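A.B. asks: Here is what each chain is made of, one letter per residue.
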Amino acid sequence: MPAFPRAAAVSTRDGGLRANLRHATHTIRAKRAAAVAELDDWERLRAAGAAIKDRTLRHLDHYLVRLEENVTRAGGTVHWAADAAEANRIVTDLVRATGEREVVKVKSMVTQEIGLNAALAEAGIRAYETDLAELIVQLGDDLPSHILVPAIHRNRGEIRDIFRDRMAQWGRPAPEGLTDRPADLAEAARLHLREKFLRSKVAISGANFMVAETGTLVVVESEGNGRMCLTLPETLISVVGIEKTVPTWQDLEVFLQLLPRSSTAERMNPYTSMWTGTTAEDGPRAFHLVLLDNGRTDTLADRVGRQALRCIRCSACLNVCPVYERAGGHAYGSPYPGPIGAILTPQLRGLISPLEESLPYASSLCGACYDACPVAIDIPEVLVHLRERVVEGGEVTVRGTRTVIKPARKHAAERALMRTAGWVLDHPAALRHGQRLAARTRRFHPRRLPGPGRTWTDSRELPEMPAESFRDWWARTRGGPTATRPREQAS
Amino acid sequence: MSAGSGRADGDASRERVLGRIRRALADVPRYERPRDHPVVRDYLRTHAERTPAESVALLAENLADYRAVVHRTDPAGLPPLLGRLLASRGARRVVVPAGLPRGWLAGARVDLVPDAAALTPRELDSADSVVTGCALAIAETGTVVLDSGPDQGRRRISLVPDHHLCVVRIADQVVDSVPQALERLAPERPLTWISGPSATSDIELDRVEGVHGPRTLEVILVDGDPRSL
Numbered sequence: 001m002p003a004f005p006r007a008a009a010v011s012t013r014d015g016g017l018r019a020n021l022r023h024a025t026h027t028i029r030a031k032r033a034a035a036v037a038e039l040d041d042w043e044r045l046r047a048a049g050a051a052i053k054d055r056t057l058r059h060l061d062h063y064l065v066r067l068e069e070n071v072t073r074a075g076g077t078v079h080w081a082a083d084a085a086e087a088n089r090i091v092t093d094l095v096r097a098t099g100e101r102e103v104v105k106v107k108s109m110v111t112q113e114i115g116l117n118a119a120l121a122e123a124g125i126r127a128y129e130t131d132l133a134e135l136i137v138q139l140g141d142d143l144p145s146h147i148l149v150p151a152i153h154r155n156r157g158e159i160r161d162i163f164r165d166r167m168a169q170w171g172r173p174a175p176e177g178l179t180d181r182p183a184d185l186a187e188a189a190r191l192h193l194r195e196k197f198l199r200s201k202v203a204i205s206g207a208n209f210m211v212a213e214t215g216t217l218v219v220v221e222s223e224g225n226g227r228m229c230l231t232l233p234e235t236l237i238s239v240v241g242i243e244k245t246v247p248t249w250q251d252l253e254v255f256l257q258l259l260p261r262s263s264t265a266e267r268m269n270p271y272t273s274m275w276t277g278t279t280a281e282d283g284p285r286a287f288h289l290v291l292l293d294n295g296r297t298d299t300l301a302d303r304v305g306r307q308a309l310r311c312i313r314c315s316a317c318l319n320v321c322p323v324y325e326r327a328g329g330h331a332y333g334s335p336y337p338g339p340i341g342a343i344l345t346p347q348l349r350g351l352i353s354p355l356e357e358s359l360p361y362a363s364s365l366c367g368a369c370y371d372a373c374p375v376a377i378d379i380p381e382v383l384v385h386l387r388e389r390v391v392e393g394g395e396v397t398v399r400g401t402r403t404v405i406k407p408a409r410k411h412a413a414e415r416a417l418m419r420t421a422g423w424v425l426d427h428p429a430a431l432r433h434g435q436r437l438a439a440r441t442r443r444f445h446p447r448r449l450p451g452p453g454r455t456w457t458d459s460r461e462l463p464e465m466p467a468e469s470f471r472d473w474w475a476r477t478r479g480g481p482t483a484t485r486p487r488e489q490a491s
Numbered sequence: 492m493s494a495g496s497g498r499a500d501g502d503a504s505r506e507r508v509l510g511r512i513r514r515a516l517a518d519v520p521r522y523e524r525p526r527d528h529p530v531v532r533d534y535l536r537t538h539a540e541r542t543p544a545e546s547v548a549l550l551a552e553n554l555a556d557y558r559a560v561v562h563r564t565d566p567a568g569l570p571p572l573l574g575r576l577l578a579s580r581g582a583r584r585v586v587v588p589a590g591l592p593r594g595w596l597a598g599a600r601v602d603l604v605p606d607a608a609a610l611t612p613r614e615l616d617s618a619d620s621v622v623t624g625c626a627l628a629i630a631e632t633g634t635v636v637l638d639s640g641p642d643q644g645r646r647r648i649s650l651v652p653d654h655h656l657c658v659v660r661i662a663d664q665v666v667d668s669v670p671q672a673l674e675r676l677a678p679e680r681p682l683t684w685i686s687g688p689s690a691t692s693d694i695e696l697d698r699v700e701g702v703h704g705p706r707t708l709e710v711i712l713v714d715g716d717p718r719s720l
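As given, the protein sequences belong to chains A and B, one line each in that order.
Just so you know, the first sequence maps onto residues 1 to 491 in this note's numbering.
Just so you know, the second sequence maps onto residues 492 to 720 in this note's numbering.
Keep in mind that the hints were calculated from the coordinates and are not lab data.
All figures in this text were calculated on a predicted structure; none of them were measured in a lab.
The C-beta atom is built at its ideal place from N, Cα and C for all residues, glycine as well.
Misleading hints may appear alongside valid ones.
[Said to hold, decoys possible] In silico SDA-like links for lysine to any residue, alpha-carbon gap of 25 Å or less: (1) A/LYS31 x B/ASP616; (2) A/LYS196 x B/ALA548; (3) A/LYS201 x B/VAL604; (4) A/LYS31 x B/ASP663; (5) A/LYS31 x B/GLU695; (6) A/LYS31 x A/GLY16; (7) A/LYS201 x B/THR611; (8) A/LYS31 x B/ALA548; (9) A/LYS31 x B/LEU696; (10) A/LYS31 x B/PRO612; (11) A/LYS196 x B/SER668; (12) A/LYS196 x A/LYS31; (13) A/LYS201 x B/GLU614; (14) A/LYS196 x B/ASP653; (15) A/LYS201 x B/ASP527; (16) A/LYS196 x B/VAL604; (17) A/LYS201 x B/ARG575; (18) A/LYS196 x B/ASP619; (19) A/LYS196 x B/ALA517; (20) A/LYS31 x B/ARG706; (21) A/LYS31 x B/ALA609; (22) A/LYS406 x B/ALA517; (23) A/LYS201 x B/ALA609; (24) A/LYS201 x B/ASP638; (25) A/LYS31 x B/SER668; (26) A/LYS196 x B/THR707; (27) A/LYS196 x B/HIS538.
[To be verified] Some chain A residues close to chain B (C-beta under 8 Å, calculated; not the full set): (28) ALA9; (29) SER11; (30) LEU45.
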């Protein structure tokens, strides 16, 4: 993946994409504000949500062990996966053991994160996405660009074309003469997917919450595809990040108020499913829970950055972010786009390439994401913290081991500049001379900086240099020996 | 702790992940217990003081706002109402949970398809409607909650048919808020929370009803106790 600025430079020039994104994010932003305003205890719910998640994270080992006990007691089987490869191997083995060659999937960020579909394909197993937006993305051979609405970058005409051209390769073809009316497109998806729901023996899901105290998993959705996958097949495999744990049943009262209003701007989403292990003659006979680390414990080890693990994937921060609105989700190079992606991706993966190093800079630090976040993640604070890591290097945890990373290479010039600036500001005479020199040479200043400064002026205008410095102006007008001091004038 | 997958490498990963968590939390004092880290629950149990009548009115309003069709009747009116609603859709095959009071559909000229473990998804798909009771309904969100009780049946029956009729007893099944609902629900039962018909907003954020679940949800609020019918 290219670093964020290069990817964003391409997407910001795509007028259609920007129009789709602007329409979508502004629509949902306004609706969300209204839904939140209905609850006059919103700030207290938000504080409770943050506190519950913090308590969970501070004692995550304790709660995971309880969760494991309770899921097992209720008839489920718990597996632990330290990384993506291990999770994919566990899921592939579980599917193979059923003898099936295809699976239906509930929309799940975490299976995108680990690249499960590709891993299953390599093992000869076809995975069908059943969320309408994920279906659009899968048929279009595309990547999701939003946490809640993965096909937000596609308009109805594009979706019609994708359905017409691609559905037949994946199953039931699109109806003849398919129009671009949303109702017709949804109907085409219903017919296409219903065949798969009715025959599938294995389903794969994520979960929005896992209750340690009871072993209950929760999936929140709108379409009913989630319910189809969670109840019709014989085997259900849920892959869930360890941070999705909440301690008690009662804690759901907080998150089931925060999540729907923050994400889809509804009082409650159409369907919420909760299941505890297996139930005789109702739903899957076998239930497997794969608990995934994949960088989460490394994130947990960072005292400033760990708050990113509170995230409940509502996407409210995306919809208010001026950078996301213009750059689109693909520029973030990860299933987690927008402000939360800018702090989550570099932490989950580590600062391993120019993409991850660039993400903490994919923000104007305007703070709108922090205001919108239902669990009060201080995203700007973490962004600044990660920028410091990128520029200065320092102690981080990589796959469970403390290590010291070096500053990112391209930031050497910036560090040198900052050191120089620090020296100059400590030496007033030097500053004075420098400013005077800068003012007098203003006709020769380039519009774009050469050398390492170029990346800065790629996206910014150089500030206009005034004809004389403030010090010179002061000396000329008020500060000179003949001028009257303002204070004396007043007395 | 032998709850892992039973494979040696599975147990190794369990220990690896738990070990990493414990090292990552070196800043948390060893003597701190989970409960020592406070969660202030000063949020509201309900968002207004309401009379029972007001709660029911709010439930009806919020259900309708998310495009569920809401009816009100008394026990004597329930069977004729159900008969009319099914007839008006031309429903012939109607799925019913084992514990649904027999009298409810006495007036309906339909073939009853009893919920049974052997009922396949394809058989369910050929049914026109399903009639269920519920565990409770939440006024502030416009939600009905099913907990697989005898008058609700398996989770799948309220999902696959395209038309769902759900009966709510006003007297003892309406709560105001999400916190009140969770208090009354049993986590060990499979739970399905339903707020309006199946819907998607995935295409340009235009809301469309009925993607995979029932396209029509009709909720019948009953004054009085219809259980003895």
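A.B. asks: Does each hint fit the structure? Answer for all of them.
C.D. replies: Going down the list of hints, with the structure as the test:
1. A/LYS31 x B/ASP616: Given pair A/LYS31, B/ASP616 is violated - Cα atoms ~35 Å apart, limit 25 Å.
2. A/LYS196 x B/ALA548: Judged against 25 Å, a Cα distance of about 40 Å means the pair is violated.
3. A/LYS201 x B/VAL604: Measuring from Cα to Cα gives roughly 23 Å; hence the hint holds.
4. A/LYS31 x B/ASP663: violated (33 Å)
5. A/LYS31 x B/GLU695: holds (14 Å)
6. A/LYS31 x A/GLY16: Cα-Cα ~23 Å, so holds.
7. A/LYS201 x B/THR611: Status holds; Cα separation ~12 Å.
8. A/LYS31 x B/ALA548: At roughly 23 Å apart (the allowed maximum being 25 Å), B/ALA548 and A/LYS31 satisfy the hint.
9. A/LYS31 x B/LEU696: holds (11 Å)
10. A/LYS31 x B/PRO612: violated (37 Å)
11. A/LYS196 x B/SER668: The given pair, whose Cα atoms are some 36 Å apart, is violated under the 25 Å limit.
12. A/LYS196 x A/LYS31: violated (34 Å)
13. A/LYS201 x B/GLU614: holds (16 Å)
14. A/LYS196 x B/ASP653: Given pair A/LYS196, B/ASP653 holds - Cα atoms ~17 Å apart, limit 25 Å.
15. A/LYS201 x B/ASP527: violated (45 Å)
16. A/LYS196 x B/VAL604: The hint holds at about 23 Å.
17. A/LYS201 x B/ARG575: Violated - the C-alpha atoms of B/ARG575 and A/LYS201 are around 38 Å apart, more than 25 Å.
18. A/LYS196 x B/ASP619: holds (20 Å)
19. A/LYS196 x B/ALA517: Distance ~48 Å between A/LYS196 and B/ALA517 Cα, so the pair is violated.
20. A/LYS31 x B/ARG706: holds (23 Å)
21. A/LYS31 x B/ALA609: Measuring from Cα to Cα gives roughly 44 Å; hence the hint is violated.
22. A/LYS406 x B/ALA517: holds (23 Å)
23. A/LYS201 x B/ALA609: holds (15 Å)
24. A/LYS201 x B/ASP638: holds (24 Å)
25. A/LYS31 x B/SER668: holds (21 Å)
26. A/LYS196 x B/THR707: Distance of about 22 Å is within 25 Å: holds.
27. A/LYS196 x B/HIS538: violated (42 Å)
28. ALA9: violated (26 Å)
29. SER11: violated (18 Å)
30. LEU45: holds (5 Å)
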